[in-house]
Amino acid sequence: MKILILHQAPFKKMRYDHVIDHQQHQVTYIGLAKHLSDLPEALRYQKIVLPPASEQNLVSEVLARVSPSDDYSSLLALSEYGILEACHIREELGLAGPSYEQIEVVRDKVKMKQRIAARGTLRYPRFIDAPEQVIQGGWTGKTISKPRDGASSQGITLHESFSAAVEYVEDKTGWNNYELEEFIDAPLYHFDGVVIAGEVQHLLASRYINSPLKYLSGVPVGSFQVVLNDTFRRFIDEVIAALGIVRGCFHIEAFYDGETCIFLEAANRLGGARIVETHRSRTGVHLPSVEISDYLALPLPRQQPASTHYFGFLLYPAHHLLDSQTLNIPEGILSSPHLVSFQRTGAQADILTYNEDLLPLSLIARAETPHQLQLFLQRCLTEISTH
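Numbering follows UniProt numbering, in which position 261 of the sequence shown is assigned residue number 261; successive positions increment by one, without gaps.
No wet-lab data here; the hints were simulated from the structure.
Hints are supplied without guarantee of correctness; some may be wrong.
Quick list of simulated restraints, FRET-style, between CB atoms [to be verified]:
1) Q23 to P330: 27 to 35 Å
2) Q343 to H371: 23 to 31 Å
3) E199 to D149: 40 to 48 Å
4) Q343 to E55: 40 to 48 Å
5) P330 to L358: 19 to 27 Å
6) S217 to Q24: 33 to 41 Å
Capping the alpha-carbon separation at 25 Å, the derived lysine-lysine pairs in DSS-like fashion look like this [as the list claims (entries may be wrong)]:
7) K47 to K2
8) K2 to K13
9) K12 to K47
As the structure is a prediction and not an experimental result, all values here were calculated from the model.
Ideal Cβ placement from N, Cα and C applies to all residues, glycine included.
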């Protein structure tokens, strides 16, 4: 099989080689030099390096270097920032895969909420995406403004009122590609798993500590796995059906008030941060391998044993004034049986990222119960200090 991989996410998370025998198959990685630099030298492959500014014109830059005559069998694109573009590339190369319309629903925050609303049984925040809707009236409380196709909380702003948000959008950003959304004051959760032949598999639920929005302003963010109840299962099944997700990994975020889930957003791709690692630690399942195996119709490698422990993580942001030298981790944290691992690296100021290799500090923890895990992570937030 001749396989083209649009390589953007860290190789150590994707581990294409778990499923793809690089000796048996012809594998070509295409991407920016900064992404291709993490490919293991021991593997057999070809690589195509794109120019530094290619992310702005990814489709044309890729198609300038590959063509239908190259006779690729499949194109893999597992990153948030390449899944839409991959639809156009597959079409030009004559390859099978999800349509642009299918993927756009799980990239466009307005279209996904419209699908959720049409379902008729799911709760979601009130929202508007056009100036004429302002006249119809909104709400009075806190309001979020955000890009319709944004990721990693980039471009999101919290406003004290609906009117303040309207003024901000009209003065600063314009309505093109922007929406306003009702702020929901409830705990935020994320749900991660994979869909195979329309069936949800390997589902886990996790509750955020802080939130991606707070992380944007320089506050550490994390999450811890919780018990998967019937409310969560029914909610995810309905969301998957409403959005038409029939295969691939998913990352769904929702508020939970103790009784019902309130949809926030969804993506038909892997969750970021340390989700791949913590999910595998709990279930034994490496989600990227399951997705790659399904797409390429290749055998799934043996998974590691599942654990009875619950796992979570913390990330300390790099885009504020933190670096690996100013964070002090007390001995009591370092010697705790709850601490699985931690990673210090040199922070890169002004870069908003969830990649632990670019953060001053990230850690993974575990405990026998979600409550114990939550307490330990909160202890870390309290005791790990700057100096």
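Holds or violated: K47 with K2, Cα cutoff 25 Å? Within the cut-off at roughly 13 Å; holds.
Holds or violated: the 33 to 41 Å window for the beta-carbon distance between S217 and Q24? violated, 48 Å
Would you mind confirming whether the straight-line C-alpha gap from K2 to K13 stays at or under 25 Å? It holds: about 22 Å lies between the C-alpha atoms, which stays within 25 Å.
Is 40 to 48 Å right for how far apart the beta carbons of E199 and D149 are? 28 Å Cβ-Cβ, so the 40 to 48 Å window is violated.
Has the hinted range 27 to 35 Å been met by the Cβ atoms of Q23 and P330? violated, 48 Å
Status of the given 23 to 31 Å range, CB of H371 versus CB of Q343: Holds, since Q343 and H371 (Cβ atoms, about 26 Å apart) stay within the stated range.
If you check the beta carbons of Q343 and E55, does the distance land in 40 to 48 Å? violated, 26 Å
For the range 19 to 27 Å, tell me whether the beta carbons of P330 and L358 fit it or not. Because 24 Å falls inside the window, the suggested range holds.
Hinted pair, alpha-carbon criterion (25 Å max): K12, K47. Please report holds or violated. Satisfied, since the Cα-Cα distance of roughly 17 Å is no more than 25 Å.
In summary, the structure is inconsistent with hints 1, 3, 4 and 6 from the numbered list given earlier, while agreeing with the others.
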